[in-house]
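Each chain, written out:
Number of protein chains: 2
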Amino acid sequence: MSDHMINHRGPEFFELITECTEKLKQVFMTENDLFILTSSGTGALEASIVNTLSPGDKVLAASAGSFGDRYADLLDAYGAEVTRITFEWGEPIDPDGIRQGLKDDPEIKAVIVTHNETSTGVTHDLQSIASVVKGEFGKLLLVDAVSSLGCVPLPVDGWDCDVVSTGSQKGFMIPPGLAFISFGRDAWEAQKEAAMPRFYFDLEEAKKYLDRGQTPWTPNLSAMYGLRAALENIMDEGMEGVFGRHASIGQFTRDGVRAMGLELLCADEARASNTVTAVKMPIHIDGEQMMEIMRTEENVVLAGGQGKLTGHIFRIGIWATLNEEHIQEVLDALGRVLPRVGF
Amino acid sequence: MSDHMINHRGPEFFELITECTEKLKQVFMTENDLFILTSSGTGALEASIVNTLSPGDKVLAASAGSFGDRYADLLDAYGAEVTRITFEWGEPIDPDGIRQGLKDDPEIKAVIVTHNETSTGVTHDLQSIASVVKGEFGKLLLVDAVSSLGCVPLPVDGWDCDVVSTGSQKGFMIPPGLAFISFGRDAWEAQKEAAMPRFYFDLEEAKKYLDRGQTPWTPNLSAMYGLRAALENIMDEGMEGVFGRHASIGQFTRDGVRAMGLELLCADEARASNTVTAVKMPIHIDGEQMMEIMRTEENVVLAGGQGKLTGHIFRIGIWATLNEEHIQEVLDALGRVLPRVGF
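Protein sequences appear in the order of chains D and X.
The first sequence begins at 61 in the numbering used here and counts up one residue at a time.
The second sequence begins at 61 in the numbering used here and counts up one residue at a time.
Please note that the accuracy of each hint is not assured.
Said to hold, decoys possible - Straight line, CA to CA, 30 Å or less: simulated DSBU-like cross-link-like pairs of lysine-lysine:
no.	chain 1	residue 1	chain 2	residue 2
1	D	LYS252	X	LYS340
2	D	LYS340	X	LYS252
3	D	LYS268	X	LYS368
4	D	LYS368	X	LYS268
5	X	LYS252	D	LYS118
6	D	LYS252	X	LYS368
7	D	LYS268	X	LYS267
8	X	LYS368	D	LYS368
9	X	LYS194	X	LYS118
10	D	LYS368	X	LYS252
To be verified - Just a sample of chain X residues kept apart from chain D, beta carbon distances all over 10 Å, derived:
no.	residue
11	ARG69
12	LYS118
13	PHE312
14	GLN349
15	GLU384
Claimed, not checked - Stretches of chain X that chain D covers, calculated by requiring three or more beta carbons in the stretch to come under 8 Å of a beta carbon on chain D:
no.	segment
16	101-111
17	136-145
18	218-226
19	268-282
Note that these hints are calculated values from the structure, not bench results.
Every residue gets a Cβ at the ideal spot worked out from N, C-alpha and C, and that includes glycine.
With the sequences and hints as input, model every part of the structure.
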């Protein structure tokens, strides 16, 4: 990431963006168009909405956590007519609920869903959801994969996901500052009529520039250098290796937490996330104090709960280059700190 | 920029964003709100529009180059009713033209203008423009300062500029990936009624988060580490030092180019940019070939012309840490290469 700057309209950048885009498609397991945006993951989510929909379009938003809610808020901001189907935070989204929602209103044009809900530590059953949305109803499927892509299986073409958005700072193991979005055939069809206003996140413009190895606006070059290196690592390991590693460390984390007498927020082991583990805060424990001691004395930064889960859970992120030794250190630190706060 | 990642909802980030924001205000010479966005400069320009205007609002867009045109395109994309006042590319925007435009249509709500037109090497007379727009007519003034801020004087409060946007990769001497925007009192007044849709670039949301030392979305942390270091350098040198250095190297570049028998695009020396020098391509010279030899044999990357200036000019960027020795190397290389292509 410390390489010197290059002309982003020149031949060196052409090579950089071409290599990154081709390898990203392998991680996304897609032949769809794929764009690198200079923004955080939320920028890609905005792109997924404004490039496919018009104000007034009916959209089904399935959510079981704060990131699912945020994606739906984005629809509201741009004037879509949103039907929200919500599930208990900590539980998986039920594909039957989506099926019912689509039956109830045939005018619904698209469904948005979060693959891995970072706020609750649940990986939703995207494969089943996609088979309902695309297979049964032929609706547009927009997926927030910020905390899943490059960690757990998400074969974009295999599951037929029209638009999939993610960020650089989780599965891709580099700092935040880039977002990636795949955009399929049905999405381009929708784009032709999509009347929501867009400029910075206009993917038609991005496609024109990508065809000549550029981005419309000045790109985050440093992060792209990091991305190139990260993608080489991922290609060397292979996607099956990446998924196996995350599955193994996810299991290790959950087993370790339960062995300490703690309870997971997600009771459904088959849907427990392999990228973030959400742990119920034991009652009578001051979570703020616990996390503060962990941070200042143990050098372990845990995340608290968001929204209505504030104070009720803490979360352990297990993305990217973390290994079992790191997680064991976290568990050992928890073993020292929790008794001090009354557990 | 290689520092390890931190929790962007934690106390270390609070310190980072607070320090950067306070020092950015000193560079902007403003007490207005100031936001750090994870995007390129165009993202800040989009923020300037969508946070102040509604679809159908009448806006005067003054332009004399491709970046001025791009800013106006952004207004079109979001449904503003745009009156374009255009000036010859290579000439400064005439404040009288803006005065006439505002007289002609009292319903105009805002004026957009590019301070330094990178495509032509002209620094427009923003002080006079602001005195017309704000002083005489009391309209909202939105300024694209991507290639001027932190290089040439732009006292945001002194000139009463409501919204000023810039990027990280020019005056701030760090890689692209961050944008900065100042947002003043009249802009907040306009924001209350601004109905353009916004989410990623919603500054009301950004303000809520900034008040607790955060950003709404995951920020480009690496670039913020670089920004902190760059701002320390700028503070050490002082704004007068920064401006004096750019004025001196701008003059050095223009004198050197003219001494070679070349002609500048900007005939008005008082308005020639101190951050980019646009040089007329001598007739009968193959500019593509000349720039290719410069790049491959002399390791000097020049920029060509954009839009209707393609093939007619080449440009020398003189931002940031470049010194006279660097420019002398560019001039020496030009002295070797130009005769080879027939000059």
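Verification of the supplied hints:
Annotation: proposed proximity of LYS252 (chain D) to LYS340 (chain X) is violated, straight-line Cα distance about 41 Å (limit 30 Å). Taking the CA atoms of LYS340 (chain D) and LYS252 (chain X), the gap is about 41 Å. The hint is violated against a cut of 30 Å. Taking the CA atoms of LYS268 (chain D) and LYS368 (chain X), the gap is about 19 Å. The hint holds against a cut of 30 Å. For a cut-off of 30 Å, the pair hint linking LYS368 (chain D) to LYS268 (chain X) stands: about 19 Å separates their Cα positions.
For the hint linking LYS252 (chain X) to LYS118 (chain D), the alpha-carbon distance of about 27 Å falls within 30 Å, and the restraint holds. For the hint pairing LYS252 (chain D) with LYS368 (chain X), the CA-to-CA distance comes to about 29 Å; that is within 30 Å, so the pair holds. A hinted pair counts as satisfied when its Cα atoms are at most 30 Å apart, and LYS268 (chain D) with LYS267 (chain X) does not qualify at roughly 34 Å. Between LYS368 (chain X) and LYS368 (chain D), the direct Cα distance comes to roughly 56 Å. Violation of the 30 Å bound is thereby established for this hinted pair.
The suggested pairing of LYS194 (chain X) with LYS118 (chain X) holds, with an alpha-carbon distance near 16 Å, which does not exceed 30 Å. Restraint check for LYS368 (chain D) and LYS252 (chain X): the C-alpha separation of about 29 Å stays at or below 30 Å, so the hint holds. ARG69 (chain X), annotated as away from the interface, has a beta carbon of chain D within 10 Å; the closest lies near 8 Å. Every CB of chain D lies more than 10 Å from the CB of LYS118 (chain X), the least distance being 17 Å, so the non-interface label holds.
Every beta carbon of chain D lies more than 10 Å from that of PHE312 (chain X), the smallest distance being close to 22 Å; the non-interface claim holds. The claim that GLN349 (chain X) lies off the interface holds: its Cβ sits roughly 15 Å from the closest Cβ of chain D, which is beyond the 10 Å cut-off. With 10 Å as the threshold on Cβ separation, the claim that GLU384 (chain X) sits away from chain D holds: the shortest Cβ distance comes to roughly 20 Å. Beta-carbon proximity to chain D at under 8 Å applies to 4 residues in the segment 101-111 of chain X; the threshold of 3 is reached and the given coverage holds.
With 3 residues having a Cβ less than 8 Å from any Cβ of chain D, the segment 136-145 of chain X passes the three-residue criterion, so the hint holds. Note: the segment 218-226 of chain X has 0 residues with beta-carbon separation from chain D under 8 Å; the three-residue rule is not met and the coverage is violated. Counting residues of the segment 268-282 of chain X whose beta carbon lies closer than 8 Å to any beta carbon of chain D gives 7, which reaches the threshold of three, so the coverage claim holds.
The structure is inconsistent with the numbered hints 1, 2, 7, 8, 11, 18, although it conforms to all the rest.
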